[in-house]
Amino acid sequence: MHEIDCICFTKGPGMGAPLQSVALIARTLSLLFNKPLVGVNHCVGHIEMGREITGAQNPVVLYVSGGNTQVIAYSRQCYRIFGETLDIAVGNCLDRFARIINLSNDPSPGYNIEQEAKKGKRLVSLPYATKGMDVSLSGILSAVEAYTLDKRFHEEGAEDKDLITPQDLCFSLQETVFAMLVEITERAMAHIGSKEVLIVGGVGSNERLQQMMGIMAHERQGQVFATDERFCIDNGIMIAQAGLLSYRMGYETPLAKSTCTQRFRTDEVHVAWRN
Amino acid sequence: MSEDWHSVTLKIPFASEKHALIAKQTIEVDPELQPHAVKRIITVEENVLIAAFSTLTIRLARLVANAFLENVDLVVRTLEQFGEEAENPPSS
Numbered sequence: 001m002h003e004i005d006c007i008c009f010t011k012g013p014g015m016g017a018p019l020q021s022v023a024l025i026a027r028t029l030s031l032l033f034n035k036p037l038v039g040v041n042h043c044v045g046h047i048e049m050g051r052e053i054t055g056a057q058n059p060v061v062l063y064v065s066g067g068n069t070q071v072i073a074y075s076r077q078c079y080r081i082f083g084e085t086l087d088i089a090v091g092n093c094l095d096r097f098a099r100i101i102n103l104s105n106d107p108s109p110g111y112n113i114e115q116e117a118k119k120g121k122r123l124v125s126l127p128y129a130t131k132g133m134d135v136s137l138s139g140i141l142s143a144v145e146a147y148t149l150d151k152r153f154h155e156e157g158a159e160d161k162d163l164i165t166p167q168d169l170c171f172s173l174q175e176t177v178f179a180m181l182v183e184i185t186e187r188a189m190a191h192i193g194s195k196e197v198l199i200v201g202g203v204g205s206n207e208r209l210q211q212m213m214g215i216m217a218h219e220r221q222g223q224v225f226a227t228d229e230r231f232c233i234d235n236g237i238m239i240a241q242a243g244l245l246s247y248r249m250g251y252e253t254p255l256a257k258s259t260c261t262q263r264f265r266t267d268e269v270h271v272a273w274r275n
Numbered sequence: 001m002s003e004d005w006h007s008v009t010l011k012i013p014f015a016s017e018k019h020a021l022i023a024k025q026t027i028e029v030d031p032e033l034q035p036h037a038v039k040r041i042i043t044v045e046e047n048v049l050i051a052a053f054s055t056l057t058i059r060l061a062r063l064v065a066n067a068f069l070e071n072v073d074l075v076v077r078t079l080e081q082f083g084e085e086a087e088n089p090p091s092s
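Chains as they are written, first to last, in UniProt numbering: chain B, 1 to 275; chain Z, 1 to 92.
No wet-lab data here; the hints were simulated from the structure. Treat the hints with care, as some may be off.
Claimed, not checked - Heads up, simulated BS3-like pairs for lysine-lysine below, C-alpha to C-alpha not over 27 Å straight-line:
1. B/119 to B/151
2. B/151 to Z/18
3. B/257 to Z/39
4. B/257 to Z/18
Build the full structure now, drawing on both the sequences and the hints.
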């Protein structure tokens, strides 16, 4: 511990109690070993880890997880939010639907939805809710939930043509929300003339999303970068990575300012380590 | 302070004054979530951490005392895990 340079911790965004728990430990260590603290934005952590792992130069970033859904592009020392969800995050939408149809949480609800979706045969009609550069997901969640109360909904598929199975709903939900995300990502790419897409966040490990994004990117002579599961999902090393980048530019968080905040916008960070 | 406020004082001894001060400086950074209903004063006397709370309701007294103790617990466990290493810097 005496040899380390600094202690990086998540300043936000996120849930208050877990954030505060980490901050307390970070502060204690900082005082014990006399090391500076570096507060890090969670979203910037995802972005910097994605850039480091994939080597993408200047991608449009789609950050999709249980808590966040944003399309981000870098410009003049700021990760600017081009588009985002107007209500709930896409991972939240998927996870809550998994609960509605009683899917297991092991290994994760999102993974199980992805597997069930592969067995879906029917695309049911769901609202397609892009709003300019943004998306709205809570209405889609209500709509797909309403199908489970439809008289055509059956747990087990049969040869009957007019049945809707949970697999069909998983498939339809994914296709709809992922198409929306691909659209708003494409808008950002067109806006800034970028040919690279980087997908970060837990939902980024969904292979169907990666595939759909890849089709769009290829049509634009571009490519998609995605990290493997270890780095898509929240992890500590991404905080260390982003923290180190800002520490090297002379950034530190004084003890009195080492509070946490549940709302910390990605574009509030001064990205001093990039031109 | 008006007469009908409730008060709770917690005194926690630490292994040393240094550790008690670390706990004070660590915990006092986060403000109380309801500053109009909870007044908090954290001090250190020798190796003892003292937290004096005044709260508007008895429920709040219970909540702030519990939260404070949970925070102290986290700091203590960190000090326990790393305290010895901190006392022994490598001689280079």
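Taking the hints in turn, this is what the structure says about them:
{"no.": "1", "hint": "B/119 to B/151", "verdict": "21 Å, holds"}
{"no.": "2", "hint": "B/151 to Z/18", "verdict": "68 Å, violated"}
{"no.": "3", "hint": "B/257 to Z/39", "verdict": "20 Å, holds"}
{"no.": "4", "hint": "B/257 to Z/18", "verdict": "21 Å, holds"}
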